[in-house]
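Enquirer: Given next are the chains, with one letter for each unit.
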Amino acid sequence: MKRIAFAIAIVLVAAFIGAGTAGKSFAADSAPTAEVNIDNFSFAPATIKVKAGTTVTWTNRDDIPHTVVANDKSFKSKVLDTNDKFSFTPTKPGTYPYFCSIHPKMTGTLVVE
Amino acid sequence: MPQRDHDEILFDHNHDGIDRRGFLKCMAWAGTGALCIMSGGVMQSYSLGAPSAAQQAKGELAFVQISDSHMGFNKPANPDVVATLKIAVDKINALPVAPEFMLHTGDISHLSKPEEFDNVDQILKSAKPSTVFFVPGEHDVLEENGATYRARYAKNGQGDGWYSFDKKGVHFIGLVNVMNLKPGGLGTLGKDQLEWLEDDVKHLSASTPIIVFAHIPLWTVYPEWGWGTDDSARALSYLKRFGSVSVLNGHIHQTMLKVEGNVTFHTACSTAFPQPKPGSAPSPGPMKVPAEQLRSVLGITDVSYVVKKHALAVTDSSLE
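The listed protein sequences correspond, in order, to chains A and B.
Just so we're aligned, residue 564 is where the first sequence starts under this note's numbering, counting upward by one.
Just so we're aligned, residue 1220 is where the second sequence starts under this note's numbering, counting upward by one.
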């Protein structure tokens, strides 16, 4: 009995945290995030604007490996095979063009405000 | 050296079984391989399905090109790239003219992993030609600026692994155009390699047949997909004075042939998976075909150089 009660408590706490995140009342705990998809040899969105401190995550949805490399080399992923992810949290505002170093025709821009 | 006009299509001057229609059929078929004869400075392509043509293809020098084995790739376009590479080796071993060596024009591996290279090396050991000359594809130099590739395949190469060698009077040049790629750009040879190339061919007589092999095409096939090399024009300028230049590439996983002046460009099929025709799909990603058709879109390229026989078969392939 005791174990079940404990389990229910956990579920309730989890639900509370979930609701809190959705309601933005846990701003201090949940860092802002942004997503970029790599699909069909392109970055989507091609230009992404985020606030400094936002964690940007690229996910490779292609059957072919890609990379995410800033033109100024300020960030650089390892090789991302299918469904691999790369995250980067920019701190300095600026415009960061980047590309796939394997398929350099693939380019994107990260704008940090 | 016969005179040819730009983009002019000449065919079957030697009555050896290939005409333009035959070649296009060969391209469409592109399946178990294409047999190419270097002759009088011009490359001829045959379907390996035409044994009479293949048997005529006796030259002083025969070699075979394979490309894009992508060892480690396991997606639906071809879940078993080991099996298809083995089939390619079987085809090589069954060629009527035994090739003296092999050229691998890159993307040996899919992710530059040592075990992927090991696997290819192991499979190629069962091929009759024991020597393989490699150039890297972009998939072979994913880590540490291609250190693994260089240590394995280009120990004696210059710079990023380029080199040249001579076989029976033919000068072979293996180039690297997959390193230090620039944002928004195509394949790149780079200043150091271009200078080396200029020097490498400086002392050769203009009658020396030249065969250049590199991964990414040295002519602009389709820049929107990165199918070309930014500074290839400069490389080709050093080869202008030669009567016979053949360029063998991979990367685009389909056969194409183009003649421009004294230069014949040819791309080989992959042994792993096909890619779409330029612009025919949203991206150059692997083209999925029904399993029973897969082998028909993969292949090898056999090349035989005939010095004395002045045959001529030039085929210009459009980017259709």
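Quick caveat, the hints were computed from the structure, so don't treat them as lab data.
Keep in mind the model is a prediction, meaning the values are calculated, not measured.
From the three backbone atoms N, C-alpha and C, an ideal C-beta is built for every residue, glycine too.
Do not rely on the hints blindly, as some may be mistaken.
Lysine to aspartate or glutamate pairs mimicking EDC-like chemistry, simulated, CA-CA at most 20 Å apart [unchecked claim]: (1) B/1387 x B/1279; (2) B/1294 x B/1279; (3) A/641 x B/1334; (4) B/1507 x A/635; (5) A/641 x B/1443; (6) B/1401 x B/1443; (7) A/639 x B/1411.
If you anchor each label on the Cβ, the simulated ranges turn out as follows [as the list claims (entries may be wrong)]: (8) A/660 x B/1511: 43 to 53 Å; (9) B/1423 x A/612: 25 to 35 Å; (10) B/1442 x A/639: 43 to 53 Å.
Enquirer: Now look at each hint and say whether the structure bears it out.
Expert: So, going through the hints one by one against the coordinates:
With a C-alpha separation of about 8 Å, the suggested pair residue 1387 of chain B and residue 1279 of chain B falls inside the 20 Å cut-off, and the hint holds. Between residue 1294 of chain B and residue 1279 of chain B, the direct Cα distance comes to roughly 41 Å. Violation of the 20 Å bound is thereby established for this hinted pair. At most 20 Å may separate the alpha-carbon atoms for a hinted pair to count; residue 641 of chain A and residue 1334 of chain B meet this at roughly 18 Å. At roughly 36 Å between alpha-carbon atoms, residue 1507 of chain B and residue 635 of chain A are farther apart than 20 Å, so this suggested pair is violated.
Using a Cα cut-off of 20 Å, the hinted pair residue 641 of chain A and residue 1443 of chain B is violated, with the two alpha carbons roughly 24 Å apart. At roughly 15 Å between alpha-carbon atoms, residue 1401 of chain B and residue 1443 of chain B fall within 20 Å of each other, so this suggested pair holds. About 25 Å separates the Cα atoms of residue 639 of chain A and residue 1411 of chain B, which puts this hinted pair outside 20 Å; it is violated. Residue 660 of chain A and residue 1511 of chain B have their C-beta atoms about 45 Å apart, which keeps the hinted 43 to 53 Å range intact.
At roughly 55 Å, the beta carbons of residue 1423 of chain B and residue 612 of chain A sit outside the given window of 25 to 35 Å. For residue 1442 of chain B paired with residue 639 of chain A, a C-beta distance near 25 Å fails the hint of 43 to 53 Å.
Checked against the numbered hints above, the structure breaks hints 2, 4, 5, 7, 9 and 10 and satisfies the rest.
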